[in-house]
Amino acid sequence: MWTLVALVGATCWTVLALSRGESVSALWILFAALSSYAIAYRFYSKFIAHKVLRVDDRRATPAERLENGRDFEVTDRRVLFGHHFAAIAGAGPLVGPVLAAQMGYLPGTVWIIVGVIAAGAVQDMVVLFFSMRRNGQSLGQMIRAEIGVVGGVAALVAVFAIMIIILAVLALIVVNALAESPWGVFSIALTIPIALLMGVYLRVIRPGRVLEASAIGVVLLLAAIIGGGMVDGTALGDALTLDKTTLVIALVVYGFVASVLPVWLLLTPRDYLSTFMKIGVIVLLAVGLVIAMPVLQNDAVSSFALAGDGPVFAGSLFPFVFITIACGALSGFHALISSGTTPKMVAKESQVRVIGYGGMLMESFVAISALIAACILDPALYFSMNAPAGATGGTVEGASAFVANLGFTISPAELQAAADTIEEATLVSRTGGAPTLAYGISEIFQTAFGGGLQAFWYHFAIMFEALFILTAVDAGTRVGRFMLQDTVGNVWKRFGDLTWWPASWVASAVVVGAWGYILYIGVTDPLGGINQLFPLFGIANQLLAAIALTLCTTLLVKHGKLRWVWVTAVPLAWVLLITMTASFQKVFSGDPKVGYFAQRAQYADALARGEVLAPATDEAAMAQVVTNSTVNGVLQSVFALLALVVVANAAVVCVRAVRAGGLPTTEVPAEPSRIVEPSGFFPTAQERALLDAERARLAAEREPSGQQ
Amino acid sequence: MIRRWGAAVRWYLRALTGEDRYDRHVAACAADGRVPMTRRAFERHRTDVAAAHAHERCC
Chain U
1 MWTLVALVGA TCWTVLALSR GESVSALWIL FAALSSYAIA YRFYSKFIAH
51 KVLRVDDRRA TPAERLENGR DFEVTDRRVL FGHHFAAIAG AGPLVGPVLA
101 AQMGYLPGTV WIIVGVIAAG AVQDMVVLFF SMRRNGQSLG QMIRAEIGVV
151 GGVAALVAVF AIMIIILAVL ALIVVNALAE SPWGVFSIAL TIPIALLMGV
201 YLRVIRPGRV LEASAIGVVL LLAAIIGGGM VDGTALGDAL TLDKTTLVIA
251 LVVYGFVASV LPVWLLLTPR DYLSTFMKIG VIVLLAVGLV IAMPVLQNDA
301 VSSFALAGDG PVFAGSLFPF VFITIACGAL SGFHALISSG TTPKMVAKES
351 QVRVIGYGGM LMESFVAISA LIAACILDPA LYFSMNAPAG ATGGTVEGAS
401 AFVANLGFTI SPAELQAAAD TIEEATLVSR TGGAPTLAYG ISEIFQTAFG
451 GGLQAFWYHF AIMFEALFIL TAVDAGTRVG RFMLQDTVGN VWKRFGDLTW
501 WPASWVASAV VVGAWGYILY IGVTDPLGGI NQLFPLFGIA NQLLAAIALT
551 LCTTLLVKHG KLRWVWVTAV PLAWVLLITM TASFQKVFSG DPKVGYFAQR
601 AQYADALARG EVLAPATDEA AMAQVVTNST VNGVLQSVFA LLALVVVANA
651 AVVCVRAVRA GGLPTTEVPA EPSRIVEPSG FFPTAQERAL LDAERARLAA
701 EREPSGQQ
Chain H
1 MIRRWGAAVR WYLRALTGED RYDRHVAACA ADGRVPMTRR AFERHRTDVA
51 AAHAHERCC
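Chains U and H are the protein sequences, given in the same order.
According to my numbering, the first sequence is numbered sequentially starting from 1.
According to my numbering, the second sequence is numbered sequentially starting from 1.
It is worth saying that the hints were derived from the structure and are not from the lab.
Please read these numbers as outputs of a predicted model, since none were measured by experiment.
The beta-carbon is built from N, C-alpha and C at its ideal position, and this holds for glycine as well.
If you want a taste of the chain U side facing chain H, the calculated C-beta under 10 Å gives, among others:
1. R70
2. R78
3. A86
4. G90
5. V95
6. G208
7. V210
8. P262
9. V263
10. S274
11. S331
12. F333
13. A472
14. V473
15. T499
16. F537
Using the sequences provided together with the hints, build the complete structure.
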């Protein structure tokens with residue numbers, strides 16, 4: 001059986017590698033991914049679990065030992081897989097691959113598949129395991145305990161700062177997708193009252209009936225999308241045609257309110273909606289792809305990959321493909337979920353394989369689907385949508401002329417026709433990835449399911465992306481607020497009280513203000529926010545991965561497993577190489593398109609000479625570029641330095657551990673487990689026999705008490 | 001067959017969303033001979049506990 005899977009995989013990879021200049025079906029990518037995942041899961045994750053980590057199902061997990069029905073709770077592996085997946089996967093794997101499609105389909109495909117197998121899924125699983133062995137400690141707590149206070153503090157600051165950047169960039173994607181789109185604004189705005197209604201339903205009307213409430217919510221959501229199609233051209237439509245700055249204010253206010261409102265009213269119901277949409281869309285997309293069997297339209301490797309002069313984001317294939325695609329291949333943010341929340345619910349140690357490794361493979365599959373959706377678009381349309389407004393002038397004529405310079409052909413009329421099919425005013429310079437993905441998805445669904453519903457599918461896709469992002473933004477703001485209150489609470493105890501409203505309001509305002517400021521910078525940047533900020537987002541996320549992998553490597557060394565240390569050390573070396581190269585280029589490159597400070601110098605000098613450089617149109621815009629590139633450059637340097645501090649601190653600990661042949665760690669001593677649970681999704685024959693025996697034993701225990 | 005699949009999907013969704021928590025509470029109380037909380041009080045308590053925990057969602 002596995003030979004067959006390997007053969008399918010090898011065939012798909014060969015076709016992808018050898019096809020040049022002919023039409024290549026997207027299904028080759030899909031099946032190359034699926035067969036590679038299957039083999040990696042079956043063999044590599046098993047090797048890591050049993051040889052490297054030595055999972056031991058006779059040992060009780062914290063969920064079993066400390067069960068309290070709240071955070072510590074033995075949870076069915078399939079249910080926990082769902083929880084974990086819903087927590088790790090959001091808009092990230094949907095957006096990164098779309099932007100990376102600028103380099104062609106092959107670099108993204110290779111990185112997503114190889115990256116997840118060798119790095120991303122390994123990180124998620126190993127962090128989950130180590131946190132589980134430490135009663136579910138968070139990443140920051142583990143770094144502090146196992147590496148040292150310096151590393152711990154650096155990690156804490158890095159996590160907070162990185163989270164702010166991530167929230168800002170996610171919000172920027174929503175702003176770019178909703179700007180000047182009354183249909184989008186209408187349906188997204190309605191998600192708020194829909195969530196409120198669900199919240200009241202679950203709290204007051206029919207407590208706890210989540211499936212009912214969710215069904216009502218999903219129906220209303222679909223109605224909101226359909227209704228959105230009717231507002232265009234009406235007075236309401238005009239009122240909802242918002243510019244980017246107004247949307248920034250709306251999002252900031254929303255983020256603040258969501259952070260201080262009771263969770264049952266907005267956050268929890270929105271999360272249910274988001275989770276159901278997430279599962280639904282992923283299934284629909286996979287089915288749609290198989291039915292539609294689209295053909296890839298772009299080159300395997302584009303000319304921008306080597307020259308590094310692409311309009312979507314600057315920089316060459318190495319390191320920027322690996323930066324642009326973070327989520328889906330390797331995402332440091334997952335380490336925050338793999339430590340802290342999920343490990344407290346794992347029933348059996350061996351389940352880290354299905355939850356940690358398997359959950360990340362699933363996210364990777366989402367990323368592959370997104371990459372395909374972008375690569376089946378006509379490259380001329382793709383670049384018209386993703387080049388910043390400064391380059392296209394924001395008009396169909398300008399875009400047509402701009403992509404002609406890149407060597408692609410699309411007439412202004414064709415560009416307008418494309419926008420008309422989805423009932424949007426324009427598709428030119430709709431950067432951020434979300435509109436491109438939504439357009440790609442709408443084409444796939446239109447081909448697969450027919451019915452002339454392309455405009456509906458486009459707005460459906462925009463809606464779910466915005467829904468994921470808003471869920472991440474409000475949850476992230478709350479997490480940031482908790483972190484801030486917790487940190488300040490160390491010095492001023494009262495501030496740490498989560499129920500004291502002045503503290504929660506101030507902390508929420510600080511967090512919202514921080515990401516709101518960066519969002520504003522992105523939105524008003526004359527050079528285009530996404531191409532300026534997305535690299536910062538990717539590097540930040542990968543630096544967090546570097547920090548997490550540093551912890552994993554240090555722990556393997558401390559546990560005396562030097563022989564297997566390459567399992568996390570090789571991905572660590574790779575992620576350090578890409579993030580440090582990218583950081584170095586972003587800080588020190590003399591090319592103003594790549595280096596933030598070179599860009600700053602170019603614009604500052606011109607400003608001093610009284611010149612205005614395109615695409616800036618006046619002195620204010622010039623000054624804006626100077627400020628923005630300074631902020632971006634400083635943030636970039638700070639992130640890289642923080643990660644290096646953690647790595648340096650860990651290196652000292654590792655050297656000590658190697659000399660001593662291992663060091664004591666904070667791992668909790670083993671206690672015998674009393675529960676029987678299968679390790680994979682499907683129980684093996686042996687596990688089934690054990691489960692039956694366990695059931696019989698429990699029944700026998702109950703029997704005498706029943707007779708009394 | 002369809003009914004079995006339907007039941008499995010329903011079980012999964014109820015477990016995923018926590019809708020089955022109350023049933024489990026009632027069952028646990030019955031086993032221990034305790035009086036279960038009302039559904040309203042139980043769900044309120046559950047959401048209040050959730051409010052004190054950060055709820056992480058990734059990008």
